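S.K.: Chain by chain, the residues:
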Amino acid sequence: MGAYETQGFKLDNSGKRIVVDPVTRIEGHMRVEVNLDTNNVIRNAVSTGTMWRGLEVILKGRDPRDAWAFTERICGVCTGTHALTSVRAVEDALGILIPENANSIRNIMQLTLQVHDHLVHFYHLHALDWVDVVSALSADPKKTSELAQSISSWPLSSPGYFRDIQNRLKKFVESGQLGPFMNGYWGNPAYKLPPEANLMAVTHYLEALDFQKEIVKIHTIYGGKNPHPNWLVGGVPCAINVHETGAVGAINMERLNLISHIIDRTIEFIDQVYIPDLLAIASFYKDWTYGGGLASKSVMSYGDIPDKANDYSAANLMMPRGAIINGDLSKVHEVDLRDPSQIQEFVDHSWFKYAGANDAAGKGLHPWDGETVAHYELGKNAKGTSTNIEQIDEGGKYSWIKAPRWKGHAMEVGPLARYIIGYVQNNPEFKEPVDRVLKKLDLPLPALFSTLGRTAARGLEASWAVHKMRYFQDKLVANIKAGDASTANIEKWDPSTWPKEAKGVGFTEAPRGALGHWIKIKEGRIDNYQCVVPTTWNGSPRDSKGQIGAFEASLMNTPMAKADQPLEILRTLHSFDPCLACSTHVMAPDGQEMTRVRVR
Amino acid sequence: MVETFYEVMRRQGITRRSFLKYCSLTAASLGLGPAFVPKIAHAMETKPRTPVLWLHGLECTCCSESFIRSGHPLAKDAVLSMISLDYDDTIMTAAGHQAEAILEEVMTKYKGNYILAVEGNPPLNQEGMSCIIGGKPFLEQLKHVAKDCKAIISWGSCASWGCVQAAKPNPTQATPVHKVIHDKPIIKVPGCPPIAEVMTGVITYMLTFDRLPELDRQGRPKMFYGQRIHDKCYRRPHFDAGQFAEAWDDEGSRKGYCLYKMGCKGPTTYNACSTVRWNGGVSFPIQSGHGCIGCSEDGFWDKGSFYDRVTDIQQFGVEANADQIGGATLGVVGAAVAAHAAVSAIKQSRSKQSDVNDKQG
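Chains as they are written, first to last, in our numbering: chain A, 1 to 600; chain B, 1 to 361.
Hints were generated in silico from the structure; no laboratory data involved.
What you are looking at is a predicted structure, and each value in this text was computed from that prediction instead of being measured.
Here a beta-carbon is modelled for each residue, glycine too, at the ideal position from N, C-alpha and C.
Hints are supplied without guarantee of correctness; some may be wrong.
[To be verified] Okay, derived cross-link-like pairs now, DSS-like style, lysine-lysine, Cα gap no bigger than 30 Å in a straight line:
{"no.": "1", "chain 1": "B", "residue 1": "K303", "chain 2": "A", "residue 2": "K520"}
{"no.": "2", "chain 1": "B", "residue 1": "K136", "chain 2": "A", "residue 2": "K308"}
{"no.": "3", "chain 1": "A", "residue 1": "K353", "chain 2": "B", "residue 2": "K109"}
{"no.": "4", "chain 1": "B", "residue 1": "K255", "chain 2": "A", "residue 2": "K353"}
[Claimed, not checked] Quick partial rundown of chain A residues pointing at chain B, CB under 10 Å, derived from the structure:
{"no.": "5", "residue": "T79"}
{"no.": "6", "residue": "P237"}
{"no.": "7", "residue": "I275"}
{"no.": "8", "residue": "D359"}
{"no.": "9", "residue": "Y376"}
{"no.": "10", "residue": "P566"}
Start from the sequences and build out the full structure, keeping to the hints where you can.
M.R.: Listed below in structure tokens is the structure:
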């Protein structure tokens with residue numbers, strides 16, 4: 001494409017090309033290529049979704065009540081959020097209303113996922129972009145203790161505690177078997193933390209690994225297991241019985257107490273470990289202001305966490321809803337998932353094609369009418385062969401991700417989008433924490449539009465979510481106390497009660513952003529099923545107008561300390577928490593020719 | 001910190017005495033005299049951690065997520081002290097060239113001595129390019145790394161059977177590991193995902209006893225997959241007594257009755273959910289009110305709705321396993337169970353009737 005301008009970015013692919021494949025510490029598979037100018041500044045970015053599984057066609061013809069289990073397997077990291085979106089889509093199509101208790105339990109499960117996912121992302125997928133493990137070896141445990149105690153009342157903070165962890169780390173490194181830390185970018189000048197902050201963060205990396213398994217026990221109690229708990233069209237599968245014989249086989253007082261205990265412990269961990277660590281790390285990276293991308297231009301959120309059951313209007317949703325375009329923060333636009341002209345998907349640069357009359361350049365389809373036929377081919381300027389790609393040609397088709405657009409705009413979704421929208425709507429639950437953090441770090445509002453802003457919003461959201469878990473657990477108990485133990489509505493369980501044809505849409509705010517499932521049901525079976533997921537928005541390739549997606553935009557104009565170490569690229573991509581299995585689940589209808597590799 | 005094999009064994013509660021006995025048995029089985037026992041013990045005491053190369057194909061990462069939920073051993077201890085997890089896209093620091101270089105280094109240095117763990121599976125359609133690693137089909141990476149491994153662990157139902165992306169019509173031709181790798185021992189650890197402690201249990205078994213677990217005819221470790229969920233289900237007495245949940249949130253559901261009529265696949269599913277349970281033993285699907293969907297069974301996505309009743313249930317003792325059960329009697333047994341359920345339905349309607357009478361009285 002040479003050099004051109006889009007969305008306020010000047011793209012130029014003439015400089016030195018850098019390829020990162022595989023991008024690691026993400027869910028699924030992804031490749032990124034960038035062009036550097038002579039100062040090692042990124043002037044062009046190309047992100048490629050490198051996997052594709054095809055769940056939508058697999059769903060065709062199946063029982064809509066089973067769809068949650070299939071779609072849940074789109075992703076085991078954001079486990080449950082696709083299942084929730086799916087049961088909402090089916091309930092929307094069939095006009096099924098769920099009991100209040102089911103709404104509270106679903107919200108608790110969805111919030112549990114938010115908290116768990118954000119915590120694991122920060123420590124285990126993202127932290128090593130900011131934290132130098134090797135530097136931690138030279139930290140003074142006493143000073144580390146002083147640092148930890150100056151920012152938090154978390155009790156595990158003695159000099160001896162940090163010394164023990166450091167010794168364990170030293171022995172590990174001396175063994176020469178570095179495991180997951182092998183070939184890291186240790187010592188890269190883009191790492192800015194002093195040794196003591198590194199030791200504190202590495203220590204909490206290990207603590208968070210131990211603790212995260214406790215949070216998900218809430219899924220296990222309400223849904224039987226984690227990952228991949230069980231859900232139900234019409235409510236939740238777990239029955240409540242707190243008073244009578246057989247209570248031990250249902251949600252009873254002991255189960256409610258266990259959940260309450262886990263919520264309390266999680267509040268402590270998030271507010272005393274995650275948030276203080278986040279602020280401490282951020283304070284050393286205040287000058288690293290890159291990675292904003294589309295955040296200051298176009299962001300979107302569908303909203304989620306209905307306070308009362310069955311009301312999905314913006315007023316009843318506790319997470320913000322709306323869209324901001326062209327950087328105009330004065331107006332939040334209403335988003336309508338049913339309007340065929342608003343959300344559309346394009347495949348000009350994706351490894352798909354549309355059939356018949358729809359196979360035209362710049363043709364977008366609304367998900368209810370969505371179609372996807374696999375069409376793997378490289379652009380004419382690609383280097384290598386079709387099964388040994390050396391360099392992608394972004395002028396041609398180059399990703400297994402489609403390009404969704406809202407009224408023609410590429411959008412960023414996720415925690416930062418939610419916080420920006422909540423902020424400009426003057427929602428105090430979102431605005432006040434942002435103002436507090438900016439004040440503490442002595443940063444202006446535009447600092448929010450950055451890699452660091454994205455990472456900070458995720459942390460704030462984890463704290464917001466865990467406190468909302470407490471709210472819904474209390475609400476659940478109050479409702480049971482008021483005499484309502486109902487968890488499922490079975491009036492329309494039997495397919496014979498369904499209309500001949502129906503269509504619906506379900507949405508959630510997944511940890512990574514706005515998620516929608518569109519379903520058409522015909523004679524009791526799934527006729528069409530389409531998912532547009534957060535990483536499809538963020539990881540979108542170019543469209544026919546050359547507009548870039550959020551990943552690509554975020555990498556633009558970032559200087560790299562060392563061209564052969566993609567630390568800054570990983571840092572910014574990770575700030576989105578990419579989930580490639582989600583974005584590339586889409587599938588072809590029957591009939592396309594497929595080339596098969598031979599297995600020897 | 002390089003914990004040796006001996007230290008790991010000690011941590012697993014194995015005494016010095018048992019350890020030396022183990023060494024002398026090893027010496028004897030290798031045809032070596034008692035003089036070699038101290039040498040074997042020394043080797044075991046100083047042996048480096050076994051490298052594990054954990055590859056990801058078409059998958060959802062639920063197996064990795066499950067693995068880090070392990071409470072005993074903690075995932076942290078498994079990764080820092082028991083194995084050397086040298087390659088795993090999901091958690092490794094390095095990316096791109098630096099990541100690919102690790103594979104080559106470990107494969108050369110530990111030729112024949114590393115474990116290949118596979119999560120997900122390779123697609124064969126689209127020239128194999130519906131799963132691309134380093135610009136090439138995942139299948140290539142899988143075959144390349146399998147070449148010099150000691151053994152393969154197929155994590156989860158994707159690697160073991162194909163799982164959701166292989167459900168009909170399997171658009172990418174997603175293919176389980178044993179159908180593309182034929183010359184290595186493969187341990188299947190199915191489930192979507194497998195239970196965390198089963199995953200770490202399989203790995204630590206191999207390290208502790210220095211042998212592969214005994215497998216059933218389908219390639220699953222007998223110790224965890226030898227019995228059906230139904231055999232050890234705590235709701236089994238309700239099945240035997242004909243007490244069933246008949247609808248979501250009905251009285252039977254609230255009393256924790258058997259979920260057979262709600263479509264529970266426990267009677268046909270081999271897994272440890274009803275014994276080990278999930279997430280530190282907190283619960284398992286049936287305990288939380290939803291029937292088993294059979295996620296550790298081959299092709300479970302294509303066996304009808306999760307809410308259809310199973311009719312091929314086998315009334316064998318708890319010691320029966322997949323190897324011993326033939327197909328011949330299935331129809332008869334299925335009919336018997338259906339009759340059993342019907343009788344219970346009559347019983348229930350009678351008791352409901354008597355409730356009504358009581359109230360009227």
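S.K.: Taking the hints in turn, state whether each one holds.
M.R.: Evaluated hints:
1. B/K303 x A/K520: Distance ~23 Å between B/K303 and A/K520 Cα, so the pair holds.
2. B/K136 x A/K308: 49 Å, violated
3. A/K353 x B/K109: 45 Å, violated
4. B/K255 x A/K353: 53 Å, violated
5. T79: 6 Å, holds
6. P237: 4 Å, holds
7. I275: Violated. Min distance 22 Å.
8. D359: Check failed: Cβ of A/D359 comes no nearer than 19 Å to chain B, outside 10 Å.
9. Y376: Holds: closest Cβ of chain B sits about 5 Å from A/Y376, inside 10 Å.
10. P566: 6 Å, holds
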